[in-house]
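Novice: Residue-level listing of the chains:
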Amino acid sequence: MENISVELRHVTKAFGEVHAVRDLTLQVQPGSFLTLLGPSGCGKTTTLRMIGGFERPSAGEIFILGKTIAYESSTQRQTNMVFQDYALFPHKTVGQNIGFGLKMRGVKKAEIGKRVREMLDLINLSDVYDRMPHQLSGGQQQRVALARALILKPPVLLLDEPLGALDAKIRKQLQLELKQLQSELGITFIYVTHDQEEAMTMSDTIGIMNDGRLEQLDTPEKIYGDPQTLFVAKFVGECNIFEGRIRSEHPDIVDFEDNRGQIFKLKKDSLESAPVGKQASLVVRPEDIQVADAARKCVNRIQGRVEEKLYSGSIVRLVVDREGEKIMVDAHKGIAVSPPELIEIGWNPDAGSIIL
Amino acid sequence: MENISVELRHVTKAFGEVHAVRDLTLQVQPGSFLTLLGPSGCGKTTTLRMIGGFERPSAGEIFILGKTIAYESSTQRQTNMVFQDYALFPHKTVGQNIGFGLKMRGVKKAEIGKRVREMLDLINLSDVYDRMPHQLSGGQQQRVALARALILKPPVLLLDEPLGALDAKIRKQLQLELKQLQSELGITFIYVTHDQEEAMTMSDTIGIMNDGRLEQLDTPEKIYGDPQTLFVAKFVGECNIFEGRIRSEHPDIVDFEDNRGQIFKLKKDSLESAPVGKQASLVVRPEDIQVADAARKCVNRIQGRVEEKLYSGSIVRLVVDREGEKIMVDAHKGIAVSPPELIEIGWNPDAGSIIL
Amino acid sequence: MAEQRVLNILTWAGYNEDRIIKPFEEKYNCKVNSKNFSGDEQMLTIWSASKPGTWDVVNPDGPWVKLLATQGKIRKLDASKYPLEDLFPIFQRFPQHWEGNTLWGVASRWGFYGIAYNTKYVSKEEVKSWKVMWDPKYKGKVGIYGWYLPNMGNFGRYLGFESPYDIDKDQLMQLEKKLLELKPQVATITLTASDLIQALANESVWLAPAGNWAAVTLKEQGLPIEHNVPDEGAVSWTESLCITSDSKNPDLAEKYLQWMLSPEIQAKLAWADAFHAATPSRKAAQFLTREQAEMLRMTDAGVDIVKRVSPRKLPKPEEAWKDVWLKFKGE
Amino acid sequence: MTILNKERKGWGDRVLKFYIFMAFVFLFLPIAIIIVFSLNSGRYPSFPLQDFTVKWYKELMLDSRLLGSVKNSLIVAATVSFISTVLGFMGAYALRSYKLKAENFFLGFMAAPLTVPTLLLGLALLIFLNSFLSLQNSLLSVIISHTVFCAPFALFIIRARLRNVRISMEEAAWDLGAGRWQTVKELILPLCAPGLIAAALLTFTLSFDEFIIAWFVSGFQPTLPVKIWTMMRGGIKPTINAIGAIVFIFSMSILLIGEYFLGKKTNG
Amino acid sequence: MPDQSSFKIEKMVKFRNFPPIRFFVGILPISLWEIIFFMLPVLLIFIVSFLIVKELRLVFQWTLANYTDIFSKTPYWVAYVRSFRLALTAVVLSAVLAYPLAYAIAFVVPARFRRLLMVAMILPFWTNYLIRAYSWQIILANNGLFNEILKVLNIIETPISILYTHVATEVGFTHFYMVLMTMLLYSSMDAINRNLMEAARDLGAGKLRTFFEIIFPLSLPGLIVGSIFVFIMSFGDFVAPSILGGGKKPVFTQMVVDEIQGTVNLSMASALAVIMVVTILIVLILFLRRVESITAGSSTG
Ligand SMILES: Nc1ncnc2c1ncn2[C@@H]1O[C@H](COP(=O)(O)OP(=O)(O)OP(=O)(O)O)[C@@H](O)[C@H]1O
Ligand SMILES: Nc1ncnc2c1ncn2[C@@H]1O[C@H](COP(=O)(O)OP(=O)(O)OP(=O)(O)O)[C@@H](O)[C@H]1O
Ligand SMILES: [Mg+2]
Ligand SMILES: [Mg+2]
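Residue numbers (the working numbering), protein chains in the order written: chain A, 854 to 1209; chain B, 854 to 1209; chain C, 2 to 332; chain D, 10 to 277; chain E, 658 to 958.
FYI, nobody ran anything at the bench for these hints, they're computed from the structure. All C-beta atoms, glycine included, are put in the ideal place defined by N, C-alpha and C. Among the hints, a few may not be true.
Simulated DEER-style distance windows between Cβ atoms [what the hints assert, rightly or not]:
hint	chain 1	residue 1	chain 2	residue 2	range
1	A	T1072	D	F114	53 to 59 Å
2	C	G223	D	L265	49 to 55 Å
3	A	K1150	B	E1194	36 to 42 Å
4	B	G959	D	K194	46 to 52 Å
5	E	T936	C	G223	46 to 52 Å
6	B	I1106	A	T1082	53 to 59 Å
7	A	T1082	B	K1150	41 to 47 Å
8	A	P943	B	T1072	51 to 57 Å
9	B	T1072	D	F27	51 to 57 Å
10	A	L1029	B	V960	38 to 44 Å
11	D	K108	B	K1025	37 to 43 Å
12	B	V960	D	L265	49 to 55 Å
13	D	L58	E	S729	50 to 56 Å
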């Protein structure tokens, strides 16, 4: 128990008829960075709120640093939260808002002033100390909300889309600051974001939620490269999905036969057992698929006709038609294919993953 | 005047000491999609609010469909707004919130019910018709706020980060829906977002704001490919900037000499005149820089040592050190270079742009 | 200051005014606590809700004295201790206070009812009879003080009942009929006597059955208000001072009674701030101006009025009277 | 601020401002009359006016009992207002944090003291306080009795205001380590200040003005209204007007002076 | 470890997380106060209402006589209905008069004057109720200020009778209850988020619609509490009906007052009071139930 920062055991939360969270079990290591990711309304905020002690689970238990949550006493709190709607105190200035937690801890006035100004510098808002929250822009308010929780450096910090209203520049900057603070101080972060890139680059662990359930809890690489469910595969990044069944099993490799009878070879990877004959899906990311020359060196190959070629930034997205089945492929923008060329595409066994 | 939907002339807005918007002049064509982009607190919301008639400019004039704004009467409104903080009516159900505008226009009850349900389907929230706003998640509330404005199909729609709280999936979907509605109905959209990709893919025109000023108003391609100011260049996407001066001017090409004395050739493009000898900056996007074999074919070339190689999705970011100067390069993840290799990178005259 | 003694008195308004109490307090080095009531019933309520021993002196109306005596709530007085000979003869052996040779209380203030009228609108001739109340001329100009006892007594006299509180069922029916006929004439039925005075003062009411003190108080201000006892007679009232049987300071109480009967104080009481009304002391008149004494009928001739009026008493059966009043009020 | 605040040039706003003016005329009219007649030599307030005089004020100053009753009233009203607002706030705040099943019943129970005629309540309290609690008739009795109907009053007022304070504010404070009391002090009290002020003012007013219950239970320390009530047996006397005038002018001056300095402070 | 049963907490609104200790700390003081100093004394009244008074003394003899008496005498019922009508009128009048006032103070008057106006408004009521009532008499009497002014302006020749009718009663009621109502309404309106008004305007609501759709519903809690107070207080008042209304058409409380003051029938008075309290409470609880469900949504923002 000692080295678990936050633990949820079979936690369920119902609001009347609506089940916001269902049977959620979860462990977070101290000092680690967990991101909850999922579609709007899937229960992320509710989960955070339960960990923060604002909602009592309808069933299940929650432990923080080995102890159940004390819903009553607020002085001994182990968590702090950045609220999705900021919840700034409308009658207090920015400075008072940020310094509130310190004041509650009895820190001296001068000290509070100093630390608040430091925080304001950190969030690039040095000159709003005396403004009221309603005199700030949306993004400025969000930063104040972030600063207000951050200044307390609690063992566990809960962040509900703390950077959602910010532009890319300041967002990047704050991501770095947050990450740095987190590892320096060994704070456990539980983070909610809609920005997949943010989730991927910042988190130690990502939990993908769907309709109140935790679909997969894993490292970012695993979530992306080895999704456990179709939902995860589709939700994180884009992917091509081939339906089919397991044909045979080898020590390291699995043979997968798609519905058209073509056989693809795949690394076994995370699959513990691959019951031969079982229905399964094969997931391949667009950027894992090689084209033209490179494709010819691949183990799994498909013929198809280039149907569309879409530029976006530094890459080019090809939509390849395999007799009715559309396959998305990402290539470098210098690639020399164009519709309606017939091409070969392919990928190696370590690129695809199988979902049972 | 007839074919200008929204026009701002030298509009300034000051809140006491704070100048939120400074001398903003802007014209929006009917049926076009204008996105305002800029750092947090730069005055986007204030601009929208002035167009919506919620704030009176401290100076300057605003015309909508050729008429000045009637701050008084709200019945003849030409605009509708999606508020950054949603401003949902807490005492009305979701259905009543969305149907509010129609009710104000005297639409029949049955008709309102029908159209509200259509909107709810559009925003993927069919089953919350009778809920109160506080029973929704953040993203759900945002969608309701969007639906509430959208249902009215006004000549001018003002959207203040209408998709900011949504995950990538539903966001993409709604982007498509919005774009489609906009072109179908010929609505003028004035849109605020922090998502650059969103801005790039959806807008006809992008206005980049900074500290209350409009830095550049242009098509997405121009904004990205031909920034007029350093601020724009840095704010939109990432870029490498070389400081130097114009060396000489040719019919189509300009010679730029950086501070180290190396000369780069560039297409003249939007530069009307390039006064020889003038201080200038050269901007090159990381993805426009070629590496290895491809680089050798380029007109402008630089030697450098690979310092870092960062994977992110389908691309790889190289940080190349040119004797102290860091240059970012994006390449396809299959590229076969790794630190601390010495490589050549390069770009062609049409890839860079000069900012005076 | 050693142990300051305390006297608690429960009285009508006037008895505790500074001018009267202050010198008493100084003279006997004591403290007088007082509470005013505005009806005997109220007094009883307060009294019975208070802890025994709270009150030393109470101030009921005449008819209540013997009732209180039978209930054992007040103590006998020693007649020799009081300057009864200073009083007008009629009050010296006042029947409501004496039971054989036992004295239960002393008269302290008195008055009588009649018609208070505004001379601008009502002539002296008209008010010779209660009949004027029913005169259509004065529709909506009659004021009534909302207490059943004096009013029903007065109108009883109008109907010719010599002793208006001892009437039979038939007579009560007659009274009821008369009362109901009066209702349309009425402008207001007031909660307190001061409201009636107010109504007379602002001319919302031109005539009203009222105590003489009401008219006196108004007349003093130069308002055109006069008072007359109709030929049919009217009702009178007396206030009495009694000492409670559980008094903790009976001797101080006795001093207070003596004090209140002293001519000078009687004059002050007669011309009290709260309102002006006659006191039974004949000697008090010398401390008043002639006009004052005459207005209050504190003269040998004036006091004769008492013979023409009936004392206000408790009726029997009370319930029936109240029912009649309820009908009149709620009509 | 917003444009809504800038639209004030509209005629609608002018009408409303005029309405405020008229409303205040209506509210202050009786006071004006009181002041006028306190300076009028006539014993009975009726038109036409008689000579100007300050004799009623002089008389008033000599009446120590009257001044004593003003003091009693101030003590009672201030205490009642304080206790009621505190009790009412505690109750309203508790109701907010826990959804009582029998909430309506509870609220009905709270409203009940207001429904009993004061005369009867006064009598019942008199008997009860004297015989069951053997509380001597005193100011304490008046304070207790007035609080009986003032506390629910405060509860309702504060509850109505508290409903408009978002719960997420409280959650945030709690999250930042504020204890129960600190949350109340830092957040709830400032945010529901208008409700608290209204409650304090109204309960003060109710208590300061109440005379029936006070008459029953006040014993030998009459409050001002009780004193006035007994003084009025013979009709109202201009000294009473003088008290009214003094109370009004005094409180109004305090308000204006206080406002002047507060305004200065916030502007500076 | 929390036991499973403590998780059946759905009945609690927000803060369902906190066991009710705090709740009791808040609710008990006021409840105890009311139980000890209100319930018990009133229980006395209730008991007394089943006794009778003979010779001015309570007799311990259980009876329903008082109640049968009341039910059989029409004057009581006439008075009851009259009280009800007057109280309802007072509610409507004070609401109608107070609403624009509260609205104007909350939305038209600059912020720095608001507090001043709110406090100034209450000051006239620190002078005694009775004095104020007599003041109204001076204004409303036949030879009073109001009639004199009308005469001078040549609007009327003979004075209009206002004093000693229930019109005057309503003037007296409205004077104070309007202020009460204004304070409650203001405290509700002040809390309305102004963004919502902008949003409503944006969606095409005119000032009037914005008012009815947004401001009015959100100010309902104040209006309701105000109405309850005004109703109860005007129902229970007997000073204005007596001094201004004239007492010719007595209201119910005047009947009760009479029973105590004029005729000292304590048990009858108690019975009358019991009837009054019970009916008001029933009306109130029914009313609250409806209203709470209507305004439930506006509670959290
Ligand atoms: N009422 C006000 N008083 C003072 N300053 C204000 C007020 N409202 C906005 N500002 C300031 O004006 C500037 C512009 O604000 P605005 O809300 O337009 O920014 P924005 O571009 O919408 O930012 P964001 O992306 O964070 O929402 C900000 O610096 C803000 O602090
Ligand atoms: N008080 C409530 N009553 C009823 N349903 C609720 C309540 N609060 C939340 N819900 C529902 O519970 C579900 C989960 O809500 P939650 O706020 O946890 O979502 P979320 O994952 O944070 O979504 P978002 O990304 O949009 O903020 C949603 O479907 C929401 O509608
Ligand atoms: Mg959420
Ligand atoms: Mg904004």
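Novice: Starting from the hint 51 to 57 Å, judge whether the C-beta atoms of B/T1072 and D/F27 obey it.
Specialist: At roughly 55 Å between Cβ atoms, D/F27 and B/T1072 fall inside 51 to 57 Å, so the hint holds.
Novice: So the hint says 37 to 43 Å: do the beta-carbon atoms of D/K108 and B/K1025 match that?
Specialist: holds, 41 Å
Novice: Could you check the hint for me, namely that E/T936 and C/G223 are 46 to 52 Å apart, CB to CB?
Specialist: holds, 49 Å
Novice: The hint says 36 to 42 Å between A/K1150 and B/E1194; measuring C-beta to C-beta, is that right?
Specialist: violated, 23 Å
Novice: Taking 49 to 55 Å as the hint, is the beta-carbon distance of C/G223 and D/L265 inside that range?
Specialist: The hint (49 to 55 Å, Cβ to Cβ) is violated, given that C/G223 and D/L265 are roughly 39 Å apart.
Novice: Has the hinted range 51 to 57 Å been met by the Cβ atoms of A/P943 and B/T1072?
Specialist: violated, 41 Å
Novice: With respect to the beta-carbon atoms only, verify the hint that A/T1072 and D/F114 lie 53 to 59 Å apart.
Specialist: The hinted range 53 to 59 Å holds for A/T1072 and D/F114, with Cβ atoms some 56 Å apart.
Novice: For the hint 53 to 59 Å, verify it against the beta carbon of B/I1106 and that of A/T1082.
Specialist: Since the Cβ atoms of B/I1106 and A/T1082 sit about 55 Å apart, the hinted range of 53 to 59 Å holds.
Novice: Mind checking the hinted window 46 to 52 Å against the Cβ distance between B/G959 and D/K194?
Specialist: holds, 49 Å
Novice: Go ahead and decide if the range 41 to 47 Å is satisfied by the Cβ distance of A/T1082 to B/K1150.
Specialist: Holds: the Cβ-Cβ distance is about 45 Å, inside 41 to 47 Å.
Novice: So does A/L1029 sit 38 to 44 Å from B/V960, Cβ to Cβ?
Specialist: With a Cβ separation near 51 Å, A/L1029 and B/V960 fall outside 38 to 44 Å, so the hint is violated.
Novice: For the hint 50 to 56 Å, verify it against the beta carbon of D/L58 and that of E/S729.
Specialist: holds, 51 Å
When each numbered hint is compared with the structure, violations occur for hints 2, 3, 8 and 10.
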